[in-house]
Structure formats: structure tokens, C-alpha cells
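Starting from the given sequences, assemble the full structure and let the hints guide the process.
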Amino acid sequence: MVKIRLKWRGEVWETEAEPQECLHTVLERLQLPVGTEILTAKVGKTIHELSAPIDSHSNFELLGWESPEGKYVFWHSSAHILAEAILSFWPKAKLTIGPPIENGFYYDIDFEGNGPTPEDFPKIEKKFLELASQPEYFVRRRVSREEALAYYKDNPYKTELIYELEGEEIFFYESGNFVDLCRGPHLWHSGPIKAVKVLSLAGAYWRGDSQKPQLTRVYATSFPSPALLEEYLHQIEEAARRDHRLLGKQLDLFSFHEEGPGFPFWHPKGMRLLNTLQEWLRAKLLSHGYEEIKTPIILTQRLWEQSGHYENYRENMYFTQIDEEPYAVKPMNCPGSTIVYRTHIRSYRDLPLRLFEFGLVHRHELSGVLTGLFRVRAFTQDDAHIFCTPEQIQDEIASLLNLIEEVYAAFGFKEREIFLSTRPEKYIGSLSLWSQAEEALESALKTVGMSYQVNPGEGAFYGPKIDFVVRDSLRRRWQLGTIQLDFSMPQRFGLTYIGSDGQPHTPVMIHRAILGSFERFIGVLLEHTAGELPLWLAPIQVKVIPISEKLFDYAREVAAALREAAFRVEVDYTNEKLAKKIRLAEQEKVPIIWILGAREAETRSISIRDRRLRQQVQGVPLSEAIQTLKREALPPGLSEN
RNA sequence: GCCCCCUUAGCUCAGCGGUAGAGCAACUGAUUUGUAAUCAGUAGGUCGGCGGUUCAAAUCCGUCAGGGGGCUCCA
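In this note's numbering, the protein residues as written are 1 to 641.
Rather than coming from a laboratory, the hints here were simulated on the basis of the structure.
Where hints are given, some of them may not hold.
As the list claims (entries may be wrong) - 30 Å max Cα-Cα, derived BS3-like pairs, lysine-lysine: (1) Lys294 with Lys269; (2) Lys249 with Lys42; (3) Lys446 with Lys284; (4) Lys153 with Lys194; (5) Lys212 with Lys94.
Stated by the list, open to error - What follows is a set of in silico ranges between Cβ atoms, one per label pair, in the way DEER data are often shown: (6) Ala409 with Ala566: 41 to 49 Å; (7) Gln627 with Leu286: 45 to 53 Å; (8) Asp553 with Ser451: 56 to 64 Å; (9) Thr389 with Ala566: 37 to 45 Å; (10) Ser133 with Pro19: 45 to 53 Å; (11) Phe89 with Leu360: 50 to 58 Å.
Keep in mind that this is a model prediction, so the values were computed, not measured.
The beta carbon of each residue, even a glycine, is placed where N, CA and C say it ideally should be.
Below, the structure written as C-alpha cells:
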């Protein structure tokens, strides 16, 4: 007998088992909810399947739906059932891989040109539930290489996988009439799987390589109850409502047109937002020791040859000709910045020199990847280049980290991750310079006390970098800020400064962006706020609603007072009822609505309807209301004085 | 770029082989309104472009363009 200890939702059981007895039989004996709530088990950090025999292990943590491991196993098994359901309709389809993912699972399948369409989803789901409810038991069987290869003699993908398992054990998992090459782990049986939804179809290259055959990826998700599936579908709907492309249209901020795919058209309200954002950041940077520059959008091809972009980035660049000379549209701002640097002989006393540029860059992105403001072909970077000595790197990075943190906090981004990428295999510059730079970055991060992850070997060939990633409302990760050290460009462009020794030295260049691009940042911000922008950023801050035509004169007066105080105001002069005007203003997501009736006009006051507080205040004196608004509309990080 | 899907009035969408429809918006008029849609009328479309099948195409087929979902979370 083996002594074992089980932990399930905080409670502990101690019992004994026969050697080689399966874990699930022990659980059944204890009348624990195995095959329903208990999905899998863990010993230390390794998953131990319920159907696996207990050997020397003794300490089991039982896991349900609430654990990541439980979901992982649940969806992994679901992928097998999905494949089985699909094979019942497309028996000749060749399976490849079918892993669990963040919110479900997929299976990549080669249908050889005759795959399913979305109309087939219901019948696949029906078949899936039929199979799952039987239920199907997942039985692991070790097979020889020869047997595995023979079984998959018509499936080049599985064959490729088997060849890669040289020297390792090979397993088949059998469930119902379905067999799949799989390393597991799986559920004991399909009983817990009560709801499924086939979500979408997508093309996916075998092994992510566009040179290899394209497979059909079937995305799906499954749950232990129909109610949980419903909840998930509602979440997806809510995320869709927050889609910045939709909000951009509804709020009349920007649009896209076939006359310029991937190039945003900014409407008046979008410009108000974009300009407010830029003015705020500009003021912040100027107060942090930066100077602003602006460099040309079109520069000679020779410059891009010198910078290395022509060699390494040509695919993404647009070219043109001026007076028969070849030119290129800038995909990055850095070469322009170096030209400004070179306009003077620089002394070590001038460093660090911080030059920022809200630079409009153009990049040729593949047509298939364009996505609203998230992925465009022209965008404005909040770019800056800091020229400094190697000794100054650490201090410079530390203050930069604080600045970036300050900026993100202003927009309420709480969830963020920092990645430090270090020297790749292919690199330029001396080893000592690299280690000095990496140490500088790392100790800067430690100085300001920010937690980070290291991505070894992920740095650019010209220097190490720090990336900032925030999560949007769809829980997608977006890299916003980046700090990149560059040893290469200063050399390529022959940049120097005169040191205290009177000799010329090569400065280090720090490329950095905080928001990344204004365009994409606005997209992220819209999804983050569901379009309910903070008062200081809102394109229309106050909507003035006179109750009837008789109040139009007073409305004009109020609006003038607001404009005088530098607010962005709109008056609703339409001949509609109050309820209608309020409805429209609410749909425009205006933060503040001022309502003017006869009572207000008489007392020179206004009534406030506040989107943010979801409450109303009646009869506030006009001058007082404007003073309050002035306080409330201050951009973050600024005090009233 | 590649795979699947979509494209009908300014917007949201219905129609899916027999000669274009709704709601909202716009315009005109009535109404003068107190916290999320007042009523009536008018106007508005080469059904994304091009080509084909058919007596007949928004509807079926092809092609191009634009848009959406994806394209190394590895048995």
C-alpha cells in the first residue's frame, strides 16, 4: 500500500492506495467529485492525470475549472473531441496540432481544399456534444516509433512530428473511436465538458512558416456548463462594443478609406483628441529637459544606405524620386536626429542631449495585418533620441523609467509588464560596451524598483532594450514604450563629442518612445475607456443643452463663457425635446452636460448632468460652475497653479 | 503576402434569380419642449468595381479592391 495525501479546495484527505492504482479510483472511493468537478491533479509542478497510476508520488493537489491547469487539460481534451467531430464529417482531413490556448483551443487541419465554413459550426458543435456526453475516456498508450509512423503513413505533418521525437517516448491517446498522437495530459473522461462553441476559421501556416503549406485553423472554446459559455460570449460582445474602430466611427474621430488603406483620416473631433494629447506630452517633455525638433519626411536614399535601413528595412519602405535622385519616405526618425546632432561640435558638457520629435513615419505593412489604428501604414511616433556618454546611461534610463511610469499612470494603465532584452547572437560593438550597457539598464530598473523579466538574446543587434507592455480591454497585450540603446548609429554617422580630455569620443544614442505612436495609443485608450475619455481629453468637454428655442440666447452666452475659459463646447440648437437631446449627448459620451431652462436663465445658473458621476446637480451659478470645471479638467500631473 | 468570411441609402441592417426595402440621420412643416428617441411629409441607392452565366442577376460564377478573423502559445 502507498500512503497518499490529497488536497481539494482547501481540504485535505489522507488515504492509502494499491501500488499502480489509478488516481481516479482512489478519488471515487473517497466519493470526491471526480469526473465532474475534479479535472486533473498536480504533483509539485507537474500535472498528474487522473487516469495515471500512482507510483512513488504521494502528495496530490486536485484541480478544478478555477485553476489554469484545469482549464488547460479541459481544453486540450476538448481539442481531441473537436477533431473527432470534424473527422466524422471530413474523414480525409489530416490532423496536425491542436493545443489549448488562452480562452479555448484550436486544431490546425489540412482539409486539402474542402474544409468547413461557418455554416458547418452548428453541426460540428452538435456532434461534439454527442461525443462528449457519452462520455469518452482518454486512454494513453505508449507506442513504438514504427507503429506511430505506420499509423500516420498518409499524414506528413504527424510524421514530421514523430521524426522530431527521436529518442523520446511516443504516446497515442485514444478516446471513443479517435486516436491522436499526443503528449497529454488529458481529462479522465469527457464528462465535464458540457458546452462548446466553434468560434472561427483562420488560415495558419504549418509551423508558422509562410513557406510551408497553409492549414485551416478551427478555433473553439468549451466550458463545464452552458451558463459559463454564455458568460464568455457576453464578454466577447462587451469587448466588441469597446472596439476602437467602432468607437472611432460612433464618436466621429477618424475613418479609413480605400483611397488610402492603412492611412487614417482624422476628423475634427479626432484632431482635438490628438492635439490635446500631443500638447500635454510636449509640455511634459519640455519640463523634463527635452528639446523638440522636426526632421523631413522625405530624405535621400543615400542617407538610408548609410543608416543601414536600406539594407535591413527596405521591404517596409516607400521610395520616390526627386530631380532624378532616389529618395525614401522615412520609416524612422533617428537618422534625421543624428543630422541635427551634427550641426554643432558637441562637448561633454552638452550631454545628455535630449531631442524629441513627434515624427510622422510611413511603413509598408502587409495588407493583411492592417487593423484600425492598431496597425497602420503611417503614424506619428512620440520619438526621442538621447545622446549621452556611456557613464550617463544609468541615470538617464532611471529618470526615463520614472517618466514613462508617470505618463502611463496619467491614463490609468495599471497592468503593465517590463521586458529587458539582452545581447543577441549577432551583435555589433564591443563585449565590454554591451555588458556595461546591460548592467546600466538592469541597475536603472533596480534603482527605481520596477519588476521586469529578462528576454535573453532578444535585444537588437545594435544594443539592448527595455520594452513596456500594457493590456487593453480585450486583454490583448500592446507594446507601447520602448527604450533602445544604440552603439551603431553614432558610429555610422560619425557622431562625436569632445570629452574633458579634449579628445573626440563617440556618444551613445538612446532611442525611446513612451506612447509608441499617438495613433495606436488613441486606439488603446478608446478600448481602455470604452470611449468615455477623461474630461481633459474629451473632444467635447461640455455639451450645452437649451431646453427650448427661447433659451438659445442664454445658451450662446454660456457657451461663450466656456470658450473664454478654453473649454471645448458644443451647443445643441436642434428643435428637439430635452430627453432626446440628452440621449444624443450621452451617446456621444460627452463627460458633462449643462442644461439650461427658464429657471437657470433667470438666476444665471446651469444644471449639470455628469457622465462620470452619473448624477445631476441643479441650479449651480454659472461662474462657480466654470471654476469647478477648471479644476476638474486639469490634465494629470499638473496642479492648479 | 497567404487562408476563410463580409461589402445593399450618411449610419445600422432586411431582401438572396423576376425589374430596390426598413429604422435612424438629412431636408421641410407642425410642436416650444425639464433629464436617454414628438408627430407628419420630402428627398436619398451605377445593391464595392469589372467581366461572365441566364429570357431575366443585389441574388449564381470568376476577378480586382476594401473591410473582418487569423497566420511558431509546437504531438
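Taking the hints in turn, this is what the structure says about them:
1. Taken as a hint, the Lys294 and Lys269 pair is honoured in the structure, with Cα atoms around 25 Å apart against an allowance of 30 Å.
2. Restraint check for Lys249 and Lys42: the C-alpha separation of about 49 Å exceeds 30 Å, so the hint is violated.
3. Restraint check: the Cα-Cα separation between Lys446 and Lys284 comes to about 24 Å, which is no more than 30 Å; the hinted pair holds.
4. Between Lys153 and Lys194 the alpha-carbon distance is near 34 Å, which puts this suggested pair outside the 30 Å criterion.
5. With a C-alpha separation of about 15 Å, the suggested pairing of Lys212 with Lys94 holds against the 30 Å cut-off.
6. For Ala409 and Ala566, the Cβ-Cβ distance of about 25 Å falls outside the hinted range of 41 to 49 Å, so the restraint is violated.
7. Between Gln627 and Leu286 the beta carbons are some 28 Å apart, a value that contradicts the proposed interval 45 to 53 Å.
8. Against the hinted window of 56 to 64 Å, the Cβ-Cβ separation of Asp553 and Ser451 comes to about 59 Å, which satisfies the hint.
9. The hinted window of 37 to 45 Å between Thr389 and Ala566 holds, with their beta carbons roughly 42 Å apart.
10. For Ser133 and Pro19, the Cβ-Cβ distance of about 34 Å falls outside the hinted range of 45 to 53 Å, so the restraint is violated.
11. As the Cβ distance of Phe89 to Leu360 is approximately 51 Å, the hint placing it in 50 to 58 Å holds.
The structure fails hints 2, 4, 6, 7 and 10 (numbered hints given earlier, in ascending order).
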